[in-house]
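Heads up: the sequence shown is residues 1 to 925, going by my numbering.
Among the clues, some could well be false.
What the hints assert, rightly or not - Straight-line Cα separation of at most 16 Å, EDC-like style, residue types lysine to aspartate or glutamate; simulated pairs: (1) 255 with 221; (2) 275 with 305; (3) 154 with 80; (4) 788 with 528; (5) 116 with 90; (6) 467 with 483; (7) 296 with 258; (8) 419 with 372; (9) 254 with 219; (10) 467 with 481; (11) 607 with 654; (12) 507 with 297; (13) 694 with 738; (14) 419 with 454; (15) 694 with 730; (16) 507 with 682; (17) 255 with 297; (18) 778 with 738; (19) 648 with 688; (20) 140 with 371; (21) 255 with 219; (22) 531 with 797; (23) 467 with 479; (24) 658 with 688; (25) 312 with 326; (26) 312 with 280; (27) 683 with 730; (28) 140 with 180; (29) 419 with 455; (30) 198 with 455; (31) 530 with 575.
Derived from the structure by calculation, the hints contain no laboratory data.
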Amino acid sequence: MGTAEQSEQRRGSRQLVSLVSAALLTFGASMVFVGGTAPASADPIEQCTATSGAIVAVDFGPFGGNVERGCDTTPITGYELLQTAGFTMEGTLHDGPAFICRIGKGIGTQYPTPDKESCVLTPQATAYWSYWTASPGQRKWSYSQQGAMARNPKPGDVEAWVYGGTDIAGTKGKPSFTPDDIRGFTTPDPTVPTAPPKVPAGRVDVPAATRWVTGTLTDGERVVDEGSTTPNHFLTTEAVFALAAADRKSPVAKKAADFLATPAQTDAYAYPAGKDGIPDATAAARLALVAEATGKDPRAFGGHDLLGDLVKYACPRDIGDGENVEGCFTKGDFRTTGQADAQAMAVIALVNAGVTPPAGSVARLTALQCEDGGFTSVLIRPGSMGCESEAGATGLIALALERAGGHEAVLQKARNYLKRSQLTTGAWPGVYYETTGNPAATAWAAQALRALGDEAFADAGISWLSKHQLPTGGFGFAEDDTESRLFPTATAAIAGAGSDLVALSAKPTDPPAPTDPPTKPPAGEGPDVKKGVAYLTAPSRLVQGRFYESQPGSGFADYGLTIDGAYALAATGGDNAALRNIVDFMDKGGKDGQKRGIHEWTLVGTKYANGGSIGKAAVLAESVGRDPRSFGGQDLIAALAEITCQAKTSTVQECAAKGNYAYATSVFKQSLGVMAQLRAGEKDAAAEPAAYLKSLQAPSGAWASLIGEHSGPEVDSTAMAAMTVDLLPDAGSQAAVDKALSWLATQQKKDGGFPGASGNSVNSAALAVQSLSLDASKYSARIAKARKFLASQQNSDGGFNVAKGGQTGSDLRASTQAVGGATGISFGVLKRDLTGTTPEPIPSTSGGTSGATSSGGNGSPVIVTPGENGGGTGSAGGSGSAGGPLASTGAQVGALAAAALVLVLGGWGVTRTAKRRRPAPGSGA
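I would like the entire structure built from these sequences, with the hints used as guidance.
So this is what it looks like as structure tokens:
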């Protein structure tokens, strides 16, 4: 027998022994029959908490079912817990009930069925029910080394049974859901500090640092090492970063960038193999960031397309996978980097410029995360031993992943690592085993934590840096280094300026100056905005705090309505945390219960890309300080330019005329696209769309509703177009705005309302307030009347009617517009700073508040609580059943509580016990 065969035999023997020891229970010799159990009634799930009772979950996913869970407040053994939680079990003929071969729920079918598994002998190691446990505070599953009858669950334990296979160490076949998914709450990591070290406030003297940096430059343009005559290009890029952090328009930074952009210097630094050879990716990435930080074009820098070359020469596959590629070891590596910092910088440079990084390049960064959540600075291959976390590498890679979007779980681990590794002085060590602070590592960590919303921890790092800034203004390599060095000084200057490498090199998106922008709500009686905000953010409406549904319980996000709600929250500042959750959900890859993200709504990148939807999402990004050129992983500003019609098409809905955005079939949609481009500073790209929008204005000053079809003048469209055209400073545009406002004033009713499609419309009145506030001093009386009208249409729950004289009852869509519109702030200048808010994990797939289909509405398993329905809606008035039997293994739930509240954790729909039916949007709470 050869070595491989011997190893395989030993592995098989150990596995079989493990399976038997893990599932066999201490039974007498007479217990050799097949044991079948009867279903029991589980305790109410809410009685099993972090300190009492135990919860067990069974994953019926391999058999087309859900993840079912049940509770027992006083379990004696794991076997008893499974039975009393409402499940039935059957053992094998050979081993008796001790080896659990089949599991069913209630009186339902037990799996695997006899045609798949006879349950006569011990099942094969690749297809059996494996047993997993997690004690209180544990956030990972452990493969049980005890059988279910031998294990005694402790208060707060959770257990899971998963069908499939594992190995003797339990490293394979783990549950695809987490213990917290089953608990229904997130277990805090006790090792992660909840507050930063207590240190006195401090600040870095950034001007002093930049004066020192300037003094290191030869001829004010380059760094030359002592004793050398050739430039140190690496340190020259660092000097540019430091100077640009203090002043994006720094003439010294621009001069140094000009020097680096001369073809001879670019070639010498980034193209050592010749100008037509493979570039040094580290140098190319740094030069691209220099270009972006100083307003240059990285696609035409020193005679090279730096970004194009980074993409062109990225490694297409792993070494050994087909023909080897020179300089490549792992797919996604930027060739010749070798270090994680260069990989991260290349990703930042590409995403900042709106270029999608090559396949695998971003994932390559995530593979560098060590078990403790930190990142190594070396581009080790996946699965390599010796992953050593470094605070500096963790900070830089976290910045890159946050910029790329869609890596919330990875970033959360990185944040936790940085918090854990911060010293009591406020500093971070260079590597995990050091006990003294490192200026560069501290600066990188502070940059990342500030960008991720942990300002207090970042401030503690800045406090330490302020104490170790040398009299020259610079910083040393280490805590006790008394000589100023350029590398740590540059990094500290960026952190000290409250910035980071991503923000430093991102394209500024300063909006044009508005006309008389209101800074506070107009004077006079108005609606209760605080109550309105509470209505908009109520959990019964805002699913998981992330989106509004198109229909209650559908799990189908109405992204347009959700953005309207976000606009309202941005205008009022009434709940910045809720606003951030909505924005992060869209920006960081969140999915609704139908697995739809924001761009399944905008359709960006498809032939049906919608100018109105893209513009609306971009304006949201601009309103909260996000980059519309990389929102949800897409460049929305470039997308608008791409879908600007060059001529009328045969299908009017696609392109009504030159300058129309594709499928922007209304003035409202056209306005949003133009507004987004203007706010992003793209005046040239917006010129034709803006001209087309202005051409649609009637001699009266009004705009009609539709484009390409006949429709009459409308308050809503006129108000929106006026807010958009007001961003254009030329006299003709301002005259068009004046004309529009004059027309709007003539439409006001005696009670202060305005006509709309629904009658005396709340929506129209709110938009009129925003538009008339462009000239608040002239129309103050009309604004006051309109706000009083809005107040009269607000209900006791904080929401608003659709229209006066119509059906009463709060309507979500009308409420979003009324709450934001009452502030009088134009969408064109809407701005809300989310500094100080804390990001929360983004569910990867979100279900509806009332449940969706039995598969979660998206094919994903649903974790079901006893007494709940895996399907069904929760709209008011009627049963709302969507089919599917109640999960009746727990406490009996009355008809009024049958609707379930679906929470999504880690990509799974988690259903908790619903105490009452969720009201439909607009029905009141």
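Hints, verified against the model:
Taking the CA atoms of residue 255 and residue 221, the gap is near 6 Å; set against the 16 Å cutoff, the hint holds. Taking the CA atoms of residue 275 and residue 305, the gap is near 11 Å; set against the 16 Å cutoff, the hint holds. Simply put, residue 154 and residue 80 have alpha-carbon atoms about 13 Å apart, close enough for the 16 Å limit, and the pair holds. As the CA atoms of residue 788 and residue 528 are separated by approximately 11 Å, the hinted pair is consistent with the 16 Å bound.
The hinted pair formed by residue 116 and residue 90 meets the criterion: a straight-line CA distance of about 14 Å does not exceed 16 Å. A C-alpha spacing of about 15 Å is found between residue 467 and residue 483, which places the hinted pair at or below 16 Å, so the restraint holds. Restraint check for residue 296 and residue 258: the C-alpha separation of about 9 Å stays at or below 16 Å, so the hint holds. A hinted pair counts as satisfied when its Cα atoms are at most 16 Å apart, and residue 419 with residue 372 qualifies at roughly 12 Å.
Among the hinted pairs, residue 254 with residue 219 is consistent with the structure: their alpha-carbon atoms are about 13 Å apart, no more than 16 Å. This hinted pair checks out: residue 467 and residue 481 have alpha carbons roughly 13 Å apart, not beyond 16 Å. This hinted pair checks out: residue 607 and residue 654 have alpha carbons roughly 10 Å apart, not beyond 16 Å. Distance check on the hinted pair: residue 507 and residue 297 sit about 11 Å apart at the alpha-carbon level, within 16 Å; holds.
About 13 Å separates the Cα atoms of residue 694 and residue 738, which keeps this hinted pair within 16 Å; it holds. With a CA separation close to 9 Å, the supplied pair residue 419 and residue 454 stays within the 16 Å bound. For the hint pairing residue 694 with residue 730, the CA-to-CA distance comes to about 13 Å; that is within 16 Å, so the pair holds. The hinted pair formed by residue 507 and residue 682 meets the criterion: a straight-line CA distance of about 11 Å does not exceed 16 Å.
Restraint check for residue 255 and residue 297: satisfied, since their Cα atoms lie roughly 15 Å apart, inside the 16 Å limit. Proposed proximity of residue 778 and residue 738 is supported: the alpha carbons are some 11 Å apart, at most 16 Å. The hinted pair formed by residue 648 and residue 688 meets the criterion: a straight-line CA distance of about 13 Å does not exceed 16 Å. Among the hinted pairs, residue 140 with residue 371 is consistent with the structure: their alpha-carbon atoms are about 12 Å apart, no more than 16 Å.
Proximity of residue 255 to residue 219 is assessed by CA-CA distance (about 10 Å); at most 16 Å being required, the pair is judged to hold. At most 16 Å may separate the alpha-carbon atoms for a hinted pair to count; residue 531 and residue 797 meet this at roughly 7 Å. For the suggested pair residue 467 and residue 479, the alpha carbons sit about 10 Å apart, so the restraint of at most 16 Å is met. Of the supplied pair hints, the one linking residue 658 and residue 688 holds, its CA atoms being roughly 8 Å apart against a limit of 16 Å.
A threshold of 16 Å between alpha carbons decides the hint, and for residue 312 with residue 326 the separation of about 13 Å falls inside it, so the pair holds. Between residue 312 and residue 280, the direct Cα distance comes to roughly 12 Å. Compliance with the 16 Å bound is thereby established for this hinted pair. Distance check on the hinted pair: residue 683 and residue 730 sit about 12 Å apart at the alpha-carbon level, within 16 Å; holds. Taken as a hint, the residue 140 and residue 180 pair is honoured in the structure, with Cα atoms around 9 Å apart against an allowance of 16 Å.
Taken as a hint, the residue 419 and residue 455 pair is honoured in the structure, with Cα atoms around 12 Å apart against an allowance of 16 Å. Restraint check: the Cα-Cα separation between residue 198 and residue 455 comes to about 14 Å, which is no more than 16 Å; the hinted pair holds. As the CA atoms of residue 530 and residue 575 are separated by approximately 9 Å, the hinted pair is consistent with the 16 Å bound.
In summary, this structure violates none of the numbered hints.
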